[in-house]
Structures are given as C-alpha cells and as structure tokens.
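Chains as they are written, first to last, in the numbering used here: chain L, 1 to 272; chain D, 273 to 544.
Errors might be hidden in some of the hints.
[As the list claims (entries may be wrong)] Keeping only pairs whose Cα atoms sit at most 25 Å apart, straight-line, the calculated SDA-like set for lysine to any residue is:
no.	chain 1	residue 1	chain 2	residue 2
1	L	K204	L	G269
2	L	K152	D	K426
3	L	K208	D	R479
4	L	K208	D	P432
5	L	K204	D	I425
6	D	K426	L	G227
7	D	K480	D	A500
8	L	K154	D	D483
9	L	K155	D	K424
10	L	K154	D	G450
11	D	K480	L	P105
12	D	K427	D	P417
13	D	K426	L	T194
14	L	K155	D	K427
15	D	K424	L	K152
16	D	K426	L	K154
17	D	K524	D	R386
18	D	K426	L	D171
19	D	K424	L	K154
20	L	K155	D	V382
21	D	K424	L	P162
22	L	K154	L	L166
23	D	K524	L	D171
24	D	K524	D	S494
25	D	K476	D	R457
[Stated by the list, open to error] Anything over 12 Å on all C-beta distances counts as not near chain D; from chain L, calculated:
no.	residue
26	I66
27	V110
28	D120
29	D157
30	P160
31	G178
32	M225
33	G226
34	E245
35	D251
36	G269
Just so you know, the hints here were simulated from the structure itself, not pulled from any lab data. Glycine residues also receive a C-beta, built at the ideal position from the N, C-alpha and C atoms.
Protein chains: 2
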Amino acid sequence: EIVAAAARALADGTAIPLPDTSLAKDASPLKQSAPVAAVSPPSGAGAASLRGRRVVVTSGPTHEPIDPVRYIANRSSGRQGHAIAAAAAAAGAEVVLVSGPVALPDPRGVAVVRVETARDMLAAVEAALPADLFVAAAAVADWRPQAAADLKIKKRDGAPEPVLQLDRNPDILAAVAGRREGRPRLVVGFAAETDALLDHAAAKLARKNCDLLVANDVGAGSDVMGGAENAVHLLTRTDGAPRVEAWPRLDKAEVAHRLVARFAAMLDGGRA
Amino acid sequence: EIVAAAARALADGTAIPLPDTSLAKDASPLKQSAPVAAVSPPSGAGAASLRGRRVVVTSGPTHEPIDPVRYIANRSSGRQGHAIAAAAAAAGAEVVLVSGPVALPDPRGVAVVRVETARDMLAAVEAALPADLFVAAAAVADWRPQAAADLKIKKRDGAPEPVLQLDRNPDILAAVAGRREGRPRLVVGFAAETDALLDHAAAKLARKNCDLLVANDVGAGSDVMGGAENAVHLLTRTDGAPRVEAWPRLDKAEVAHRLVARFAAMLDGGRA
C-alpha cells in the first residue's frame with residue numbers, strides 16, 4: 001500500500017505521506033526548523049520524459065592509489081547511480097555515465113566513461129558538460145594519499161609502520177554546481193551519512209549550491225551499501241529553507257525511476 | 273604451441289621450457305644463483321586427484337575500515353583464488369574458500385566463508401583447519417588504519433587534512449606455514465610484485481616457510497589484476513636453494529587446473 005500510495009502521490013505531484021515514525025526517531029533540530037512538506041507541484045507533472053535532455057551521472061566509488069596494488073576507497077556498489085543512468089536513458093535522455101570501479105554491466109543506451117580517481121572523475125565530468133541535468137551519485141573519496149608510490153611498498157621488520165598523509169580531493173558536486181558558465185539547470189547531489197542524516201544533508205544542500213539532495217542513511221544495519229534497496233530523503237530549498245520529503249524503502253531501480261520522474265518535472269517546471 | 277608444450281611438460285612432471293627472453297629481461301641476481309630448473313618429478317605424477325583431501329583457499333582482497341564508509345584495500349578480483357577453489361573441488365577435494373569482498377559467484381561444490389578484514393580472514397582460516405593443503409591466494413592488506421572511526425569522518429574547512437597511522441596486519445600465510453601443530457602438509461603462497469619479482473618471491477618463500485610460491489608480476493601493463501589471464505612463476509626449494517619455473521600466459525582457470533594437478537602430485541609424492 002505504501003508503494004502504491006507513493007506512486008499515486010508522485011503522479012499527482014504531491015508529497016508522499018510520511019509514516020508517523022519516520023522523523024520521530026530523529027533527534028535532529030531540523031525537525032523543528034524544516035518540517036516535512038510537499039515540494040511545489042511542478043507545472044509539467046505527470047510527464048516523465050527527458051527527451052532532448054542531456055544528462056551526466058556519476059556512480060560508484062573512486063579508488064585513490066597508495067601504491068600500484070593498494071588504494072583507499074569509499075564503499076559503493078554503484079547500483080543506485082547506474083540505475084539512475086539507466087532510468088534517464090529509458091526516459092529519452094542522452095546520458096553520459098562517469099563511473100568509478102564497479103562490478104556492474106554498463107546500462108543500456110548509456111555512454112559510459114570509466115575512471116578510477118576523484119581527479120579523473122572531475123575531468124571526465126567536465127569533458128561531458130554541458131548538460132541539462134547533473135546527478136552526482138558517486139561516492140567520491142574525500143581524500144587521497146598525498147603521494148602514491150610507484151612501486152609496491154614492502155613490509156620491513158623493525159621499520160616503523162607507515163603513516164599516510166592525506167590530501168583533500170576536488171569536490172565534484174560543488175565544482176559543477178558552482179560554475180558561473182555552463183552550470184546544468186538542475187544539479188542533484190547525494191549524501192550518505194551514518195549519523196545526523198538530515199542535518200548533514202541540509203548543510204550539504206546549502207554549502208554545495210545544488211538544487212536537490214538525495215540523502216540516505218548508510219549507518220550500521222541499514223543494508224543500503226551494496227544492497228538492492230534504498231530508503232532516501234529528498235531535500236530541496238524553498239525561499240532558502242530546506243524542505244524534506246521521506247520516501248519509503250524501495251528497490252534501487254524504483255528509486256531511480258521516481259527520481260527521474262521528479263527530475264523531468266523539475267526541468268519542465270522551470271521552463272519559460 | 274607454448275600451451276601444448278606446457279601441458280605436455282606438466283603431464284610428464286618435467287619443467288616447462290622457458291622462453292629465452294623470460295629471464296634475460298630480469299636484472300635480478302637470482303638469475304645466477306637460482307637457475308630455472310625442473311622440480312623433481314613427483315612419484316604420483318599424472319594423478320590429479322585431490323579425493324579425500326581437505327583444502328583451504330583464501331581469495332580476494334581484504335578491506336580495512338577507516339570509518340563506516342571508507343577503507344583501505346588491495347587490488348584483487350579474486351578470480352585466481354576462486355578458480356583454484358573450483359578446480360580443487362572438481363578434483364575431488366573438500367574445499368573451504370575464505371573470501372574477502374569480491375564480485376564473483378561462489379564456486380560450485382565449495383563452502384564459502386565471506387570475510388572483510390585480514391584479522392577476520394585469519395580467524396576464518398584457523399577455524400577451517402586442519403587441512404592437507406592451504407593456498408593463500410588472497411591479496412591481504414599488510415596494514416590497517418590504527419583506529420577505525422565509528423562515524424563517518426567529516427571534511428572540515430580550515431582543519432588540517434587527516435593522517436592515517438597504519439598498523440601491521442597479521443600475516444596469514446606465515447601464521448599457517450609456521451604452525452608447530454596442525455600445519456597443512458602443503459602450504460602455497462602467492463606473491464604479487466611490481467618489481468624484482470623473482471627476488472621478492474624467493475625471499476618470501478624462505479621467510480614464510482611455505483612449500484610452493486606462485487609469483488606474478490602485477491606491474492604496469494601486465495593486465496593481471498582483474499584480468500582473465502595470468503602469467504606465473506612457480507618457486508620451490510630444493511636443498512634450501514630456490515628453483516624457478518616459468519609458466520606461459522594462460523587463462524586463470526587453466527592456471528588453476530595446472531596448479532591443482534601440481535598440488536595433487538606433490539601431496540601424493542610426499543606420501544609414505
């Protein structure tokens with residue numbers, strides 16, 4: 001029933017009814033400052049087409065080399081990002097998927113650019129612009145080892161254990177959302193958090209200047225990372241205040257289809 | 273022709289002829305001290321059965337958590353280790369495969385224990401012993417972050433970038449090969465090196481007290497990591513001196529079948 005209700009709500013362009021318990025469990029101050037609310041029904045609601053739109057999606061983790069055989073990574077199967085690329089292509093968009101290392105097949109009808117590091121991913125995204133829609137679903141590593149060794153680092157008895165000095169990686173979402181020229185009309189970020197989900201997500205929405213943020217709780221027991229399902233919150237801003245919409249737990253492909261319908265409505269709604 | 277010759281050589285229990293160039297390119301001093309030579313033809317040559325044998329194989333990487341969403345890993349698809357487990361099962365052995373995170377299906381007829389960290393892998397291996405044969409094909413992370421954070425580490429502007437102090441992980445191969453009681457009769461290690469392959473492999477064979485070492489060059493351009501093929505060197509010791517045998521580049525499943533034939537011959541040859 002929840003799924004059917006959510007589908008009807010989406011088709012109507014209204015908010016999905018929130019289960020009573022969904023925010024009651026959350027001790028976040030956002031509960032008071034940003035009540036869960038409907039996003040404004042887009043004028044083009046019901047039309048889920050992205051025909052004629054150019055879409056760039058990032059997906060998967062990045063791998064940041066320590067040496068030729070070792071790396072730092074974020075946990076990410078790429079399932080949600082790949083599903084969004086596939087759903088956007090199915091909705092008629094021309095899609096470029098910039099993917100870190102994943103064990104997934106390339107989605108149908110999508111141009112896939114495979115990258116390894118955050119810096120490679122940023123370069124590939126910039127090469128794929130301009131676009132109407134940018135969806136930053138990849139779990140980009142925030143840091144990389146300052147200097148990757150050319151040869152495998154060997155263990156040496158008696159030697160002190162190594163210390164990895166980390167450097168900040170480029171922020172791909174902020175870089176695209178902050179472009180003065182060639183900013184995609186709709187920039188969508190993802191936030192995977194283990195704690196204070198809505199606070200962290202609301203802060204990210206504002207800090208990164210994106211239009212829509214998809215937040216998911218990847219804390220212990222959520223089974224989201226690598227799993228087939230996802231339970232997301234959508235965050236948007238209306239007159240500067242964050243608005244939150246809770247979606248039920250759904251298959252990642254279904255989350256993707258609903259997100260794409262939302263993106264299409266937002267792009268259509270913003271048309272003159 | 274090389275493959276056919278190699279197959280004949282294996283069946284005969286003699287060494288595979290080395291291409292003239294295979295060591296000429298290697299500036300290692302091992303070239304002089306350890307000429308490539310045949311291993312002694314095992315008495316049970318030709319019989320590739322592991323019926324009645326208990327085999328423990330490790331495969332894949334380990335993931336060492338930095339926080340709930342980030343980790344350090346070694347590059348490893350698990351293809352070679354999984355293929356060895358499958359080949360051992362096909363040869364009649366009772367096989368336990370202790371696997372780090374991989375994107376591979378469980379091999380048929382094999383009991384699979386999934387683990388994440390090196391410490392988990394060691395515990396699972398020790399729980400799976402005793403065994404006649406232990407094959408350490410996993411790419412175990414040598415180090416782990418000293419303290420994994422319970423919550424996702426947040427970027428903070430103005431704060432210094434984080435430093436990861438690493439701790440040494442347990443050495444699973446050395447722990448099993450060095451057991452005073454319950455040491456498997458045949459302990460096989462793997463060495464993936466980017467430079468000085470044979471020197472590093474010979475040192476590892478001696479240091480870890482294993483009976484056979486499978487060395488592969490994972491340097492730039494080798495395409496071994498994650499690929500379908502592998503070109504290995506087998507190192508054994510005879511009277512304390514390392515002996516090296518070069519195998520041609522083969523599909524990883526074929527490498528696995530030939531290794532299992534060798535293991536069976538060595539176990540049979542060592543019988544009273």
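Status of each hint after checking the structure:
Taken as a hint, the L:K204 and L:G269 pair is honoured in the structure, with Cα atoms around 24 Å apart against an allowance of 25 Å. Simply put, L:K152 and D:K426 have alpha-carbon atoms about 29 Å apart, too far for the 25 Å limit, and the pair is violated. Restraint check for L:K208 and D:R479: not satisfied, since their Cα atoms lie roughly 52 Å apart, outside the 25 Å limit. The straight-line distance between the Cα atoms of L:K208 and D:P432 is roughly 21 Å, inside the 25 Å bound, and the hint therefore holds.
Distance restraint check for L:K204 and D:I425: the Cα-Cα separation of roughly 14 Å lies within the 25 Å cut-off, and the hinted pair is therefore satisfied. A hinted pair counts as satisfied when its Cα atoms are at most 25 Å apart, and D:K426 with L:G227 qualifies at roughly 24 Å. Taken as a hint, the D:K480 and D:A500 pair is broken in the structure, with Cα atoms around 28 Å apart against an allowance of 25 Å. Proximity of L:K154 to D:D483 is assessed by CA-CA distance (about 22 Å); at most 25 Å being required, the pair is judged to hold.
The straight-line distance between the Cα atoms of L:K155 and D:K424 is roughly 29 Å, outside the 25 Å bound, and the hint therefore fails. Proximity of L:K154 to D:G450 is assessed by CA-CA distance (about 21 Å); at most 25 Å being required, the pair is judged to hold. Of the supplied pair hints, the one linking D:K480 and L:P105 is violated, its CA atoms being roughly 39 Å apart against a limit of 25 Å. Taking the CA atoms of D:K427 and D:P417, the gap is near 18 Å; set against the 25 Å cutoff, the hint holds.
Annotation: proposed proximity of D:K426 to L:T194 holds, straight-line Cα distance about 11 Å (limit 25 Å). Restraint check for L:K155 and D:K427: the C-alpha separation of about 31 Å exceeds 25 Å, so the hint is violated. Between D:K424 and L:K152 the alpha-carbon distance is near 28 Å, which puts this suggested pair outside the 25 Å criterion. The suggested pairing of D:K426 with L:K154 is violated, with an alpha-carbon distance near 31 Å, which exceeds 25 Å.
Using a Cα cut-off of 25 Å, the hinted pair D:K524 and D:R386 holds, with the two alpha carbons roughly 21 Å apart. Among the hinted pairs, D:K426 with L:D171 is consistent with the structure: their alpha-carbon atoms are about 13 Å apart, no more than 25 Å. The straight-line distance between the Cα atoms of D:K424 and L:K154 is roughly 29 Å, outside the 25 Å bound, and the hint therefore fails. A hinted pair counts as satisfied when its Cα atoms are at most 25 Å apart, and L:K155 with D:V382 does not qualify at roughly 33 Å.
Our distance criterion of 25 Å between C-alpha atoms is met by D:K424 and L:P162, whose separation comes to about 23 Å. About 20 Å separates the Cα atoms of L:K154 and L:L166, which keeps this hinted pair within 25 Å; it holds. Between D:K524 and L:D171 the CA atoms are separated by roughly 39 Å; this puts the pair beyond 25 Å, and the hint is violated. For the given pair, D:K524 sits about 14 Å from D:S494 by alpha-carbon distance, which is consistent with the 25 Å threshold.
Annotation: proposed proximity of D:K476 to D:R457 holds, straight-line Cα distance about 18 Å (limit 25 Å). Non-interface status of L:I66 relative to chain D is broken: a Cβ of that chain comes within 12 Å, the nearest being about 7 Å off. For L:V110, the non-interface assignment is confirmed: its Cβ lies about 20 Å from the closest Cβ of chain D, beyond the 12 Å cut-off. In this structure L:D120 is separated from chain D by more than 12 Å, as the shortest Cβ-Cβ distance comes to about 16 Å.
Non-interface status of L:D157 relative to chain D is broken: a Cβ of that chain comes within 12 Å, the nearest being about 9 Å off. Look at L:P160: its CB is around 10 Å from the nearest CB on chain D, not clear of 12 Å, so calling it non-interface is violated. At the 12 Å boundary, the C-beta of L:G178 stays outside the reach of chain D, the nearest C-beta of that chain being 15 Å off. The non-interface label for L:M225 is inconsistent with chain D: the shortest C-beta to C-beta separation is roughly 7 Å, within 12 Å.
At roughly 9 Å from the closest C-beta of chain D, the C-beta of L:G226 falls inside 12 Å, breaking its exclusion from the interface. Distance to chain D confirms L:E245 as a non-interface residue, since its nearest Cβ pair spans about 23 Å, more than 12 Å. At roughly 20 Å, the least C-beta separation between L:D251 and chain D is larger than 12 Å, which holds for a residue marked as non-interface. Here L:G269 stays apart from chain D, with its beta-carbon at least about 33 Å from theirs, past the 12 Å limit.
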